[in-house]
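Engineer: Taking this note's numbering, I'd label the letters of the sequence shown as residues 1 to 199.
Source of the hints: derived by calculation from the structure; they are not laboratory data. Any given hint could turn out to be false.
[Said to hold, decoys possible] Each computed DSSO-like pair below joins lysine-lysine, with the alpha-carbon atoms no more than 30 Å apart:
| hint | residue 1 | residue 2 |
| --- | --- | --- |
| 1 | K174 | K112 |
| 2 | K4 | K195 |
| 3 | K98 | K65 |
| 4 | K38 | K98 |
| 5 | K112 | K135 |
| 6 | K112 | K4 |
| 7 | K135 | K187 |
| 8 | K172 | K9 |
| 9 | K92 | K72 |
| 10 | K182 | K4 |
| 11 | K4 | K14 |
| 12 | K195 | K112 |
| 13 | K37 | K112 |
| 14 | K72 | K9 |
| 15 | K4 | K98 |
[Claimed, not checked] The calculated label-pair distances, taken between Cβ atoms and stated as ranges, are:
| hint | residue 1 | residue 2 | range |
| --- | --- | --- | --- |
| 16 | A116 | N145 | 21 to 31 Å |
| 17 | L107 | K12 | 38 to 48 Å |
| 18 | W131 | V66 | 22 to 32 Å |
| 19 | E178 | N145 | 20 to 30 Å |
| 20 | E162 | I61 | 25 to 35 Å |
| 21 | T57 | E162 | 48 to 58 Å |
| 22 | T109 | V51 | 20 to 30 Å |
| 23 | K98 | E162 | 31 to 41 Å |
| 24 | E67 | K9 | 34 to 44 Å |
A virtual CB, placed ideally from N, CA and C, is assigned to each residue, including glycine.
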Amino acid sequence: MTRKERAVKPLKYKSVPGLTERQISEHHDVLYAGYVKKLNEIESRLEGLDVSDANATYSGIRELKVEETFAKNAIKLHESYFDNMGGNLPPKGTRIAKLIERDFASLETWEKEFRALGVASRGWVVLAWDWDDGKLFNYLCDVHNQGGVWNCTPLLVLDVYEHAYFIDYGTKRKDYIEAFMKTIDWKHVNELVEKYRIE
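Given only the sequences and the hints, what does the whole structure look like? Please build it.
Structural biologist: Below, the structure written as structure tokens:
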């Protein structure tokens, strides 16, 4: 079977209010694109790999499979992050707003927790639908391949690694989070809710 090379997903914008073109370009065109390149390399090395030396302390198969999850989740999280920015319409009245109000009591309560996790996390904050519990949760992930919960679908993703904001905000993470909250593409988030038929 021929392996298909992964491609960098293009952005739907060059800049968004609160984030400059340079900040987004460095993040998307260099960092995210680098993960795509590395995953292609990892998948290429996995083809025909000799697995006879498999070992839990160190082996080629172990290292490549661990880094595969790191690179693949980095791609998925970054694509979700870039996709859920570029809007400015408030979520009020949408299906996602109704789900948030149901599962967090109010949009304000949800946002307060989401922002707090943005300060507390070393990497990511994810609003996700848990298919087993049938409700929304805010999750904190410190590393791409740590903190994700099985059988959950990410709906809104915030990147709080310094590379996401340092050009524009330096160490002022709260100011970056404020800017992010104002540019959430709630239309896109709501389309995910409808696509997955979340109720």
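Engineer: Now look at each hint and say whether the structure bears it out.
Structural biologist: Against the structure, the hints:
1. With a C-alpha separation of about 12 Å, the suggested pairing of K174 with K112 holds against the 30 Å cut-off.
2. For the suggested pair K4 and K195, the alpha carbons sit about 26 Å apart, so the restraint of at most 30 Å is met.
3. For the hint pairing K98 with K65, the CA-to-CA distance comes to about 39 Å; that exceeds 30 Å, so the pair is violated.
4. Among the hinted pairs, K38 with K98 is inconsistent with the structure: their alpha-carbon atoms are about 39 Å apart, more than 30 Å.
5. A hinted pair counts as satisfied when its Cα atoms are at most 30 Å apart, and K112 with K135 qualifies at roughly 18 Å.
6. Under the criterion of a C-alpha separation no larger than 30 Å, the hint pairing K112 with K4 is inconsistent with the structure, at around 42 Å.
7. Between K135 and K187 the CA atoms are separated by roughly 20 Å; this keeps the pair inside 30 Å, and the hint holds.
8. For the suggested pair K172 and K9, the alpha carbons sit about 29 Å apart, so the restraint of at most 30 Å is met.
9. Distance hint between K92 and K72 is unfulfilled; the C-alpha atoms sit about 33 Å from each other, more than 30 Å.
10. A C-alpha spacing of about 37 Å is found between K182 and K4, which places the hinted pair above 30 Å, so the restraint is violated.
11. For the suggested pair K4 and K14, the alpha carbons sit about 28 Å apart, so the restraint of at most 30 Å is met.
12. With a C-alpha separation of about 27 Å, the suggested pair K195 and K112 falls inside the 30 Å cut-off, and the hint holds.
13. As the CA atoms of K37 and K112 are separated by approximately 36 Å, the hinted pair breaks the 30 Å bound.
14. Proximity of K72 to K9 is assessed by CA-CA distance (about 13 Å); at most 30 Å being required, the pair is judged to hold.
15. The straight-line distance between the Cα atoms of K4 and K98 is roughly 40 Å, outside the 30 Å bound, and the hint therefore fails.
16. The hinted window of 21 to 31 Å between A116 and N145 holds, with their beta carbons roughly 23 Å apart.
17. Range check, L107 to K12: about 25 Å between beta-carbon atoms, so the 38 to 48 Å window is missed.
18. Between W131 and V66 the Cβ separation comes to about 26 Å, which falls inside the hinted range of 22 to 32 Å.
19. One distance hint, 20 to 30 Å for the beta-carbon pair E178 and N145, holds here, with the actual separation near 29 Å.
20. A beta carbon spacing of about 32 Å between E162 and I61 agrees with the range 25 to 35 Å that was offered as a hint.
21. As the Cβ distance of T57 to E162 is approximately 32 Å, the hint placing it in 48 to 58 Å is violated.
22. At about 49 Å, the CB distance of T109 to V51 disagrees with the hint of 20 to 30 Å.
23. Remark: the range hint 31 to 41 Å for K98 to E162 is upheld by a beta-carbon distance near 35 Å.
24. E67 and K9 have their C-beta atoms about 21 Å apart, which leaves the hinted 34 to 44 Å range violated.
Comparing the model with each numbered hint stated earlier shows that hints 3, 4, 6, 9, 10, 13, 15, 17, 21, 22, 24 do not hold.
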